[in-house]
Amino acid sequence: MSSTTVRPVTGREPAALAMRIGVVAAEAALATFARNLDLDEIADGEVDFRGAIGPAEWPVFSLVIDTLAEADPGDERPLDERRVDALNDLARICMAAKRRTGAA
1 MSSTTVRPVT GREPAALAMR IGVVAAEAAL ATFARNLDLD EIADGEVDFR GAIGPAEWPV
61 FSLVIDTLAE ADPGDERPLD ERRVDALNDL ARICMAAKRR TGAA
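For what it's worth, our numbering labels the leading residue of the sequence shown as 1, then goes sequentially.
Keep in mind the hints are simulated off the structure, nothing from the lab. All values reported here derive from a predicted model rather than from experimental measurement. In this text, a Cβ means the ideal position worked out from N, Cα and C, and glycines have one as well. Mixed in with the good hints there might be a few duds.
Unchecked claim - Computed Cβ-Cβ distance ranges for the label pairs, DEER-style:
no. : residue 1 : residue 2 : range
1   : Met-19    : Leu-79    : 25 to 31 Å
2   : Ala-56    : Glu-76    : 17 to 23 Å
3   : Asn-36    : Arg-92    : 17 to 23 Å
4   : Pro-78    : Arg-99    : 19 to 25 Å
5   : Arg-92    : Arg-35    : 29 to 35 Å
6   : Arg-35    : Asp-66    : 29 to 35 Å
7   : Arg-20    : Glu-81    : 16 to 22 Å
8   : Ala-16    : Gly-51    : 25 to 31 Å
9   : Leu-79    : Asp-38    : 18 to 24 Å
10  : Glu-13    : Arg-35    : 16 to 22 Å
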């Protein structure tokens with residue numbers, strides 16, 4: 001079956017493909033977050049990410065959150081604080097991607 005809206009992979013810029021994969025991963029991680037985590041628990045700092053996310057969804061969620069939560073040199077914040085910021089960044093990434101594609 002052929003689609004006119006999908007271009008072949010060979011005709012696309014590698015950087016654009018990598019960015020699209022990243023956005024898809026970010027969207028999957030945000031959907032996982034929305035289904036499985038309680039905002040009140042996050043605000044209280046009582047989040048067990050590993051316990052809240054199912055085994056099938058954990059690899060992508062973990063990859064995205066840990067990548068976004070990576071400490072810069074000199075960043076003394078604890079991992080939990082960086083993860084909360086990472087969740088905010090994740091939401092911003094997904095909203096920007098939706099606005100850019102006109103889906104918002």
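Taking the hints in turn, this is what the structure says about them:
1. Met-19 to Leu-79: 25 to 31 Å: Check passed, 27 Å falls within 25 to 31 Å.
2. Ala-56 to Glu-76: 17 to 23 Å: violated (35 Å)
3. Asn-36 to Arg-92: 17 to 23 Å: holds (20 Å)
4. Pro-78 to Arg-99: 19 to 25 Å: violated (32 Å)
5. Arg-92 to Arg-35: 29 to 35 Å: violated (19 Å)
6. Arg-35 to Asp-66: 29 to 35 Å: Roughly 19 Å apart at Cβ, these two residues miss the hinted range, so it is violated.
7. Arg-20 to Glu-81: 16 to 22 Å: violated (30 Å)
8. Ala-16 to Gly-51: 25 to 31 Å: violated (36 Å)
9. Leu-79 to Asp-38: 18 to 24 Å: holds (19 Å)
10. Glu-13 to Arg-35: 16 to 22 Å: With Cβ atoms ~33 Å apart, the hint is violated.
Consistency note: the structure conflicts with the earlier hints numbered 2, 4, 5, 6, 7, 8, 10.
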